[in-house]
Amino acid sequence: MLFLKNYAWPWALARAGILGMNRRNHSYISRYNPRRLYPLVDDKLKTKRIAMAAGVAVPELIGIIREQHQVSRFSEMVKDRPGFCIKPARGSGGRGIAVIVRHQEGFYYKPSGRPETIQDLERHISNILAGLFSLGGKPDTAIVENLIHFDDVFAGYSFEGVPDTRVIIFRGFPVMAMMRLSTAASGGKANLHQGAVGVGLCLRTGRALRAVQFNRPVRRHPDTGLDLHALRVPGWDTLLRLAASCYEMSGLGYIGTDLVLDKQHGPLLLELNARPGLSIQIANGRGLLPSLSAVEEFGDTALNVARRIEFAQKRFGVFEP
Amino acid sequence: MVSRKSFYLLVALLACTGIGMTVYNNVVMGVPLTPGEKRQIWSIEAKMEFTATGEPVIASMAVAGTQKGFTLLSRTAASPGYGLAFIEKDGAERAEWSIRAATGRQRLYYQIDMLVDPSARPAEPPVPPPVVKDFEREPYATAMAQILGRAQERSADPYTLTREIIREIDNQAQNAELLKGYMPRAGLVARLLNNADVPARTVYALMLEDGRRRQQLIEYLQVFKDGGYELFNPQTGEQGQPRNMLLWEYGSAPLLDIAGGRNSRVTFSMIVQKQPVSVALAKKNELSERVTISIHGLPLEEQALFKGLLLIPIGVVILVFLRLIIGIKTSGTFMPVLIAMAFIQTQLLTGLVGFVLIVGSGLVIRAYLSRLNLLLVARISAVIIMVIMMIGIFSALAFKLGLTDGMKITFFPMIILAWTIERMSILWEEEGPREVMKQGGGSLLAAVIAYLAMDSELIRHLTFNFLGLQLVLMAAVLLLGNYTGYKLSELKRFKPLADDMNAGRNGL
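From first to last, the protein sequence lines stand for chains A and B. Heads up, the first sequence is in this note's numbering, so the first residue is 1 and it goes up one at a time. Heads up, the second sequence is in this note's numbering, so the first residue is 1 and it goes up one at a time.
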């Protein structure tokens with residue numbers, strides 16, 4: 001019965017208020033996210049459009065490539081941009097995102113310093129258009145965005161990738177937040193199951209609660225050695241306001257908002273996720289269910305953004321301001 | 001959103017209808033729940049002999065049909081030179097042979113297969129014969145009146161009267177002795193019953209015993225009451241039809257009726273064979289004349305097709321269970337079910353080896369294709385062609401090596417394989433070989449479990465013969481779709497978190 005040691009009892013998880021996949025899909029996603037609104041978040045281009053219409057800050061759009069014959073115009077498009085980012089409009093789980101930090105004499109350099117030729121990038125765009133990264137292999141659109149220069153306070157907290165902040169917004173109320181830091185193990189990606197570090201954040205202060213890698217608590221960043229518990233997101237209230245306003249903008253009741261802190265532009269909305277993952281609970285060391293129930297019970301969705309944040313910070317915050 | 005109440009009502013309705021249909025099939029239609037059960041089929045041969053006089057011959061014999069406890073499966077006749085027709089006379093069927101001229105000893109054979117079938121019923125309920133009252137000559141009339149008079153005093157209804165008459169015949173030895181020469185015993189009892197206004201007649205029955213030859217029919221007594229009837233042994237008065245007794249003539253007609261022949265006699269021989277239920281059922285359904293909308297009424301080829309199709313829900317339910325309750329990751333939602341279907345054709349080991357071989361070498365070639373910078377649709381098409389070529393090569397190779405099993409890999413669904421290779425290859429590039437192993441292994445594990453279930457003789461038997469089970473499966477899927485508990489995999493995933501929270505190590 002040794003293998004049983006690796007398994008928790010279901011009631012132990014229930015007591016801890018941990019949200020499981022089935023419950024998430026059944027009681028939250030399919031109940032609060034109307035199917036017809038999915039395209040708004042599944043297509044990053046549409047997300048960008050509604051965000052701009054709602055006054056939500058997003059990374060600057062350099063160009064869009066919809067058809068194969070437009071691929072040859074790509075090098076012209078990025079000629080004057082030192083750094084940029086190519087994304088599939090309908091990619092999921094961060095798949096198909098290529099980041100170029102600078103280019104020089106026909107070589108395009110990734111954050112790792114690896115050079116790519118224009119042919120490599122064009123093939124990548126062809127793959128995006130053919131639907132390699134989209135759900136169900138449907139033909140897709142490639143988006144070229146300006147490179148994000150993340151805020152200096154995060155220097156050393158992330159290996160190669162951009163540290164982004166994920167906030168779960170439930171019926172307009174922020175219920176949980178974490179920061180995702182890429183590592184060498186995750187290959188510069190911000191996905192927790194690939195080895196990125198997740199740092200749970202206090203909703204009241206934006207201060208780190210604890211950090212985990214591969215489901216286990218860690219104190220220091222595995223590559224840079226910086227103390228993860230010292231992490232604190234500056235301009236936290238502004239960031240929360242941006243995240244919470246995505247509820248009105250998208251109409252979705254249960255979303256994960258991915259934001260980055262840009263050096264010049266402040267918090268920017270990267271993307272919305274209608275099926276946000278469950279690892280945020282591990283990063284926070286808390287289950288989502290108590291907060292979700294509190295919002296279902298007491299949260300008044302008619303409140304404006306500021307009042308909703310006030311409610312969430314009062315109830316779900318950990319540290320004193 | 002549909003309210004919970006009506007949802008559970010729907011589930012309950014589906015489950016109850018399904019279980020109801022299953023029970024009906026089992027209890028009323030007599031379809032057994034396990035395939036291992038065997039059914040007895042009696043092959044009975046009647047040999048009719050007579051001496052023809054040289055004139056035109058018409059020989060008519062009563063024949064047994066589907067009746068209580070037995071279903072007629074097939075009948076054949078061997079009678080060289082004779083014309084044969086089955087005619088209906090007074091509600092019972094007779095076989096009629098005819099020939100223009102014959103001389104000497106004639107032998108006609110008639111053979112039937114009877115399925116022992118507790119649910120069998122005759123096509124039409126037996127009709128009571130008219131009550132015939134004849135005035136008997138003395139001294140028989142007095143003797144019969146004495147017997148009937150005593151029996152009537154001690155009886156309440158037709159059945160008890162029958163028993164009492166038979167007992168009284170044994171008691172009144174003198175009268176019995178007198179009447180014995182006048183009338184056969186069964187005929188006597190029937191006549192006495194008729195005199196008491198009870199419809200009754202003599203029927204001829206065959207006691208079934210395996211391997212018996214030259215058997216004669218025995219007389220039995222059929223007594224009617226209120227539209228039903230009961231059989232009595234005229235010798236002992238025993239009520240009811242013995243399990244191994246088949247009624248041969250039950251139409252108030254002579255067993256044999258020959259014009260143009262004499263010295264006739266009929267003897268019977270019989271053997272029993274045990275056949276699996278499925279064979280017996282198939283034969284029975286073939287013969288069924290009822291107009292029913294049923295898969296079993298389709299031609300055999302289509303039935304075989306449905307046998308396969310009806311297994312898919314089993315695989316699907318298993319997959320839903322594995323994904324929602326266990327949390328196994330598979331590549332492609334229902335790909336494992338299709339692979340399991342292929343395994344059924346190829347057998348497990350050949351299938352597993354073939355699958356790993358094709359997907360493995362497919363991944364290698366796909367890795368090269370990815371460097372050619374092709375558009376997705378073209379690349380998948382290339383993979384499909386490649387898969388087909390590989391299957392061809394492997395089949396030829398296996399055949400050359402004497403492994404005829406190897407040729408069966410042609411049963412794999414090519415398009416599905418191509419997509420599997422494509423997906424795995426992308427997974428490899430993006431998430432690394434670990435994830436490929438995890439999802440590939442998960443898919444194979446799910447496929448093997450689904451295969452084991454779908455290949456089970458019992459489950460094949462159940463899904464094919466009890467269509468109601470499909471509704472039960474439907475109800476199960478609906479219920480699973482409402483499961484909001486944790487998956488087994490999550491119990492492991494969140495175990496460290498739960499431990500940390502218990503130990504207060506969650507940073508709070």
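To be clear, the hints were calculated from the coordinates, so they are not data collected in a lab. Glycine residues also receive a C-beta, built at the ideal position from the N, C-alpha and C atoms. Each hint should be verified, as a subset may be incorrect.
[To be verified] Across the chosen pairs, the derived CB separations fall in these ranges:
| no. | chain 1 | residue 1 | chain 2 | residue 2 | range |
| --- | --- | --- | --- | --- | --- |
| 1 | A | R49 | B | F411 | 45 to 53 Å |
| 2 | A | I118 | B | S456 | 54 to 62 Å |
| 3 | B | G504 | A | F107 | 48 to 56 Å |
| 4 | B | N482 | A | R49 | 32 to 40 Å |
| 5 | B | A123 | A | S27 | 55 to 63 Å |
| 6 | A | A306 | B | G20 | 57 to 65 Å |
| 7 | B | F399 | A | R49 | 53 to 61 Å |
| 8 | B | G360 | A | R219 | 48 to 56 Å |
| 9 | A | K138 | B | L480 | 24 to 32 Å |
| 10 | B | N482 | A | K138 | 44 to 52 Å |
Now for the hints, and whether the structure bears them out:
1. R49(A) <-> F411(B): 45 to 53 Å: Holds - the Cβ-Cβ distance for R49(A) and F411(B), about 49 Å, lies within 45 to 53 Å.
2. I118(A) <-> S456(B): 54 to 62 Å: 58 Å, holds
3. G504(B) <-> F107(A): 48 to 56 Å: Holds: the Cβ-Cβ distance is about 52 Å, inside 48 to 56 Å.
4. N482(B) <-> R49(A): 32 to 40 Å: 36 Å, holds
5. A123(B) <-> S27(A): 55 to 63 Å: For S27(A) against A123(B), whose Cβ atoms are near 57 Å apart, the range 55 to 63 Å holds.
6. A306(A) <-> G20(B): 57 to 65 Å: 60 Å, holds
7. F399(B) <-> R49(A): 53 to 61 Å: 60 Å, holds
8. G360(B) <-> R219(A): 48 to 56 Å: Check failed, 42 Å falls outside 48 to 56 Å.
9. K138(A) <-> L480(B): 24 to 32 Å: Because 28 Å falls inside the window, the suggested range holds.
10. N482(B) <-> K138(A): 44 to 52 Å: 30 Å, violated
Against the hints set out earlier in the document, violations occur for numbers 8 and 10.
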